[in-house]
Every structure is written in C-alpha cells, then in structure tokens.
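K.L.:
Given only the sequences and the hints, what does the whole structure look like? Please build it.
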Amino acid sequence: MSAAVPFVQRSLFHYLLKLLRLRMSITWSTFRRSKTRQKVSYTILALLFIALAGFLFWISSTVLVALQSPSVKEYIDVSAVVHSLPSMMVSAAFVVFLMTNFGVLLQGLYLARDMDFLMSAPLPMRAVFLSKLVIAILPNFGLICLFTLPLLFGIGTSYSYSFLYYPAVVIVLTAFSLTGAGMAGVLVMAVVRVIPARRVAEVLGFLGALVSVLLSQSGNIASQMGVSGETLAGGLNRLTVLNTPFSPLAWAGRGLTSLGEGNSLAGAAWLGASISTAVIVFWLTLNLAERLYYSGWARMQGSPQRRKNGRAVPVSAGSAAVPAASAAAQQAVLTSVAPGWLERIFSPLPPKMRAVVIKDLRLIPRDIRNMSQLITPIVISFVYIFSIARSFANIQAVSNDFPQRMFELGWGYLNVPVVLFVGWSFVINLSMSAFSREGRAYWLIKTAPIPATTLLKAKYLVSILPSVLLQWLLLLLISAFQWKGVASLIYGLAATAFWTAGAIGINLAFGVVGAKLDWDDPRRMNRSGTGCLGALAGFVYLGIGAILYFVPPAGALALGLPESLGHAVGLILGGITSALCAILPLRKVLKRVDKIGLD
Amino acid sequence: MPALNTTPLIETDHLVKRFGEKTAVDDVSFSVYGGEIFGFLGPNGAGKTTTIKMIVGLLQPTSGTARVAGFDVQSQSLQAKAACGFVPDEPNLYAKLSGRELLRFVGDLYELDTRQIDRRITELLNLFELNEASDNLVESYSHGMQQKTSLAAALIHDPRVLILDEPTVGLDPRSARLIKDILRQIADRGAAVMLSTHIMEIAERMCDRIGIINKGKLVASGNMDELRAYGEGESSLEDIFLQLTGGVEEAEIAEVLK
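Protein chains in written order, with numbering that gives the first Met the number 0: chain S, 0 to 598; chain P, 0 to 257.
A portion of the hints provided could be inaccurate.
[Unchecked claim] Which bits of chain S does chain P cover? Going by a derived footprint, with three or more residues having C-beta under 8 Å, they are: (1) 431-440; (2) 448-460.
[Stated by the list, open to error] Here are the simulated distance ranges between beta carbons: (3) P/Lys214 / S/Leu21: 30 to 40 Å; (4) P/Ile198 / S/Thr26: 32 to 42 Å; (5) S/Lys17 / P/Lys214: 30 to 40 Å; (6) P/Gln59 / S/Leu583: 19 to 29 Å; (7) P/Ile198 / S/Val210: 44 to 54 Å; (8) P/Glu200 / S/Val210: 52 to 62 Å.
No lab work stands behind these hints: they were computed from the structure.
Backbone N, C-alpha and C define an ideal beta-carbon position, used for all residues, glycine too.
P.N.:
Right under this line is the structure:
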C-alpha cells in the first residue's frame, strides 16, 4: 500500500474560505444549469430588489428633507424621533435576525443533507459551524439590509452626516447580524436537545403560517376587538423603549448618530462599546454552540422520535419464518389491533378506495406541514364567525322593520359566498396537492393493482369530506347567530356541498396534471404553472358559483317572489354547473393518472 | 430444490428504455420461472434498476414488453401488479403512518379481507421482529427497519412474483440472513424471485440463475456452470463478473495500489 497523503493543519480561515467557496460554486452551478426562463426571472428579481432599495433610499431622503423644512416644523417636529431612528432600526434588525435565523439555522445545521459528509471530513468543527452560520444568514442579511440600509443612508444624506457614518452603519449591521445568528444558533441547539429537529421545523412552519394569516387578518381582528387608532399609536410609541441607555443596540444607534453629526469621539466610544459587546456575545455563543453542536447532532442521530398509535396486543414469539399463509395459520384468529374509528366509518367502501381514504385522512392531520396550508381558511372562518356573533345584537334590535328585514334576509344569503370562499381556500390546498402529497412514497400505490378511477374517487372523497364538513360547520354556526329559517339553512348546506363538488373536480384535475412527487419542501409540492392556472380556474368558478347560488334566492326576495322559487332556481343552475365541473375535468385527466409516478 | 415451473412468471422480451440519447436498457430478454431465484448483477449504472422498474410498472419501456405472471405489464397492468411484490432500493414509505397502519393500507390495496390482513400483519411483524415498533411512526424507524417494513409490505399478499432491488443494503447480518432464508422459502413454494445485488457472495450462494447486465445489455444469463462458459475459464462469480463487465483492468490497478 502506498503511503497516505500527509495531513497538514491549516488556519481556520483557510477551511472557512474553502467551505464558502464550495457553497458559492454550488450556487453558481445551479444558476448556470437552470433554464433560461429561470435565469431571466432571477435577473429580473435582482434588478427589482436594486430598484426597491433605490426607491426606499430616495423616499426616505425626500421625506426626511421635507420634514426639516421650517414650514413643516411649525406643525410637527420629528427631530427627536429621527435621532432615535438608528437605535430603533438596529434593534429591530437584530430582533428580526434572531427570529428569522432560528428557522434558517435549524435547516442549515440539522436538516441539511451534507452534514454527514462535513462531520466526517478532516475539517475543524468551528469552520463547519461558521460556514453554516454565514451561509444560513446571508439571504436574511441581504433582505434586512435591503430595507434598513436605504433608510439609514437616507437619514445620513438628509441630515448631511459625516462620511464615516456610512461604513459604520454597515459594520454595525454586520456585527449584530452575526451576534443575532450566534444567539439563534444556541437557541436552535437548545431546542433540538428537547424536541427532534424535524418536529421543530414542522411546528415552526405551522406557527409561521398562523402568524402570517393572523397578520393578514389583523385589520379585521383589530376592528372586532375594538382596537382604536390611539391604542395602536400608543403601542408604537412603546417601541421607543428600544432606545434605552442600557442596551448595546441603542449604544450602536447613538454612536452612529454622534459619528454622523461629527462628534467622532463620542461616536467612537459608543460604537466601540456596542461592537465590542456584540463581538464578545458572538464569541461566547460560538463557543457554546460548538460544544452543543456535537452532542446535539449525535442525539438527533441516535434518538428517533417515538409515537404510539393504536393498541397493540402482545403476540407470541416463535411464529417466525412463516412468510406465507399456512393452513394452520389460516385457521388461527389473530386479532392484534381493534379497528379504529376511521376503519369503522369507511368500512362500507371498497377495500382499495378505503385504503387510500383512510391513509390520507390519517396523514393529513399528522403532518403538521399540511395543517400549515389549511390554517388560512380555518382562521378566516373564526374571524368571520366572531364578527357575526358581535353584530348579532345590533341586527336583532331592528329586525321587525319590513325593509330592514328584507335587507337582512338578502344579506343573510351573502353568508353563502363567504362560506364558499372559505371552502375554496380549503379545497385548493386539499385537492390541488392530492397526488403531490404522496411524495416519494407513491411507488406503493403505483405498484399496487389500483385502477385510476378508484384512485381518483378516493382522492375526491378525501378532498370533499373535510371541505364540506368545515363549510357546514361554519354555516351552522352562522345560523346559530343569524337564524333565517330551516329552508335557508338547508339551501345553504346543499349549495355549499354542490359547489364544493365542482370546485374539487376542477382543482383535483389540475392536481393530476401538475403532480410532482420528488419534492423535499412541501411549499414546492405543486408545479407552479399548473398551480397558478388551477387557482385561477378555481377562482373563476368561485365567482360563477357565488352568483348562481346567491343571486336567485336574493333576487326572489327583492322581487317579492317566494323564497322557495329562488332556492329551486339556485340549486338547478348552480347544481348543473357544479356537476359539470365535478365530472368533466376529471374525465379529461383520467388517463393522466396512470402517468403519475412514471419516471 | 423443487422442480421449476415450465411457464415463466417474469418475462422480458426485447426490452428497451431510452432517456433522450442515452439507451439505459438495450434489448434485454430473459425469463424467470416459478421456484427459482434469479440474481440480476451489473456495475453501477448498468441498467438493473431501470429494468426492474419496467417490470414492476414504474417505468414505461421505449419498446419491448415485460410480462409478470403471464400478464403484460403495460396492457394488463392491474393483473400483473396483483401478482407481484416489489421492494425498492430506497424504502420511501409514508413517514407519518405507523408500521402496522402501513401494512394494513397495503393489505387493503391488494383487497385482502380484514381478518386476513390482521393475521398477515401479525405474522410479518413477528417474522421481521418489528412488533415492538409496529405502532411507532415509520419516520422513527432506522433504515434497516424501514427496509424490513418495505419487505413485509411486499409479502403481505403472498405474491407469486417477488422483485427486490438491492434488498440487503443497510441490513445487519442477522436481518440479511433472515431475508435470504425468506426468499429461499418463497421460491421453494413456487414463486419467482428476482433480485438485483452487488454482493457476489449473495448472488453465488442464493441464486439459481444469474443475469449479468452491462451498459444496458444482458451479457450473460444462466446458472453458475453456464456462466463459467462465458467467463473463459474463470471459476468464481466475481472473476466472471469482472471478465464480462470489463472490470479486470480496474481489479489489476487495485492490486497494484495494495
């Protein structure tokens, strides 16, 4: 055997550069090999970001210059606020770094597929850790700089700050982003020691979805909760506590302002203290994280998640090596687990269809990533119910007046489109990804003797059951607050069920065409092209359905015709449209079901 | 060894698969009879997995046909699939189902009745020593456990044809031995077993017949005696394999590097 290549220990920087260079070459290679369309999209996106940064810089400079003019100062003097802006922005950027880097570092440090390779290579632990840290925070750093740098530079130009202010801003943001990342890294490692990394990622995705939905509904929620403008303003004013003299983040802001105003000594002192603190904290977190990393990684490798399901009855050992159903075994009655409620409910279904339905209804709630996608319609439902519950008393007070009563009845039918909208958002997520959700495990279905029609029917059932149940629940709750009679309720239940049947036909068909099984990130489960087209088609159907089901009964009321006539017309027109939408698209794609999963 | 059936349970006829310009499988024809274990050998990228995927219906051939239990995999796919059990090289299973739920799901797909499914699940969990973990989610299983679950899923309907792609990868010696014993038993009961492997010792000791594929072409097929005729005097399967797949030079280089 020839002599082994001698190992030469090099500096940390050497290994760090090597790892960063590797990542850069992977990124460049990915870009180079991407389709021309993607390259153009990336380039346009980059140009848009630059344009946005330029716009933010221009707008902040212009506004701040305008605010300094004597005529404006007569009405409002914001000098004090502007002086505390750097402190607030550095603090805000740090908090955002800390929060966003948690998820990014969790992915980079624990869920990335290159960890086995890196951990076994002759690389210093610190170099691996640092490279992961830098690579993980770069996109967030870029995004935060996109918003903070133009504003901070805008302050600089509008107040004619010294040139030293500008590099200092960049240094401060870099230092605190690294500190934030280091702290987030330690936090990740601490959490991963208690909860498996994959579960943390799932929960994080769910919380992210929940927060974004709540933010999107914040206006509604605030108005329902009776939050006034003054309360909001008071809340915002409380943010100035970030400019506390005890916070190193505030020292950085003060240092930047002093440096900008030409007070170099004070600026250097504040910035020196602030950056030194950041460096010390970063160094401490780096050391702590390194120690935790090995043990955390080993723990993750060695302690798979356990979860008990069902009630197993111990079985006698000794029947090993009996792979086939022997005559004796066929006589034996071995019932290991009692059938669950899902098995009991769906027992009338044919076995193949039952298998897929039960499997999907088990997997969807268990995989919290699916729940992240379904959270939007659920939150909207609750907000809507809450708003109706609050307005219930007001409606009752005037309901005996005839024109008002007419208006209310018509208004009551507006619940149907709202419920349809909630159902639509639910249906999109359930049926569009019905096949893609199978992922790489689809081979189990693909190699089994299950006809395409059976599979499609099963997927249809899996999509329609929860959607209709949610919509019916919503309608029943609305009816509890706005009782419009049995006929209206039954009409609403029938209309939503019919409409959903059609919506699922459309979305499921697009789900078949755009099925993608080789995804790692559930957010990229569907092909973007078919996903967009499906959403568009579904939205058009939503509008048509809302008109067909809502206009006839509301119109009958307005014209003084019997309500039952409106119901009948609505159900006939809407029902025919829904039936066509439920059947035709699926017939069109039936043959494509057999193509799914063919490499 | 039991007498072989005279009708083939796996049959490929001039099977071809092209990916663009590249021909992954080039005119491959062979038969596997009931009661025998057929080993499918070849270097990396030779076309083993592609051939297997065409036989189990995961890949559409460019031309040629594959038949399983007498049924054309393309035109009579449901009948062919009903007779076949498949174990892929990567056990991608539904991570959020428990082992027991997964086996019940597969049992339902093959239309076994509920009591039969329960009995088979109990037998197979016992056989593969998965009882304790049977109610844990598959995501908590080790690679070997997932591989065994995958094999249990393939066996639940007692298939007449069993096709395995690298079945012993990631298994401990005890589990590997168990699988070898099971495959022999299945073949002895009249089923056709086809497996791809890189491990010569497994192929030589377990398989009744061996096919060697290289660069998409089936370069040799037969029992050990017949293969020796291909191997120009070489006596071990490893030497025959290297002789037929052009690996002799590499073996010599490896010898020099020792």
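K.L.:
Taking the hints in turn, state whether each one holds.
P.N.:
Outcome of the hint check:
no., hint, verdict
1, 431-440, "holds (count 3)"
2, 448-460, "holds (count 3)"
3, P/Lys214 / S/Leu21: 30 to 40 Å, "holds, 32 Å"
4, P/Ile198 / S/Thr26: 32 to 42 Å, "holds, 38 Å"
5, S/Lys17 / P/Lys214: 30 to 40 Å, "holds, 37 Å"
6, P/Gln59 / S/Leu583: 19 to 29 Å, "holds, 27 Å"
7, P/Ile198 / S/Val210: 44 to 54 Å, "holds, 52 Å"
8, P/Glu200 / S/Val210: 52 to 62 Å, "holds, 57 Å"
In this structure, none of the earlier numbered hints is contradicted; all agree with it.
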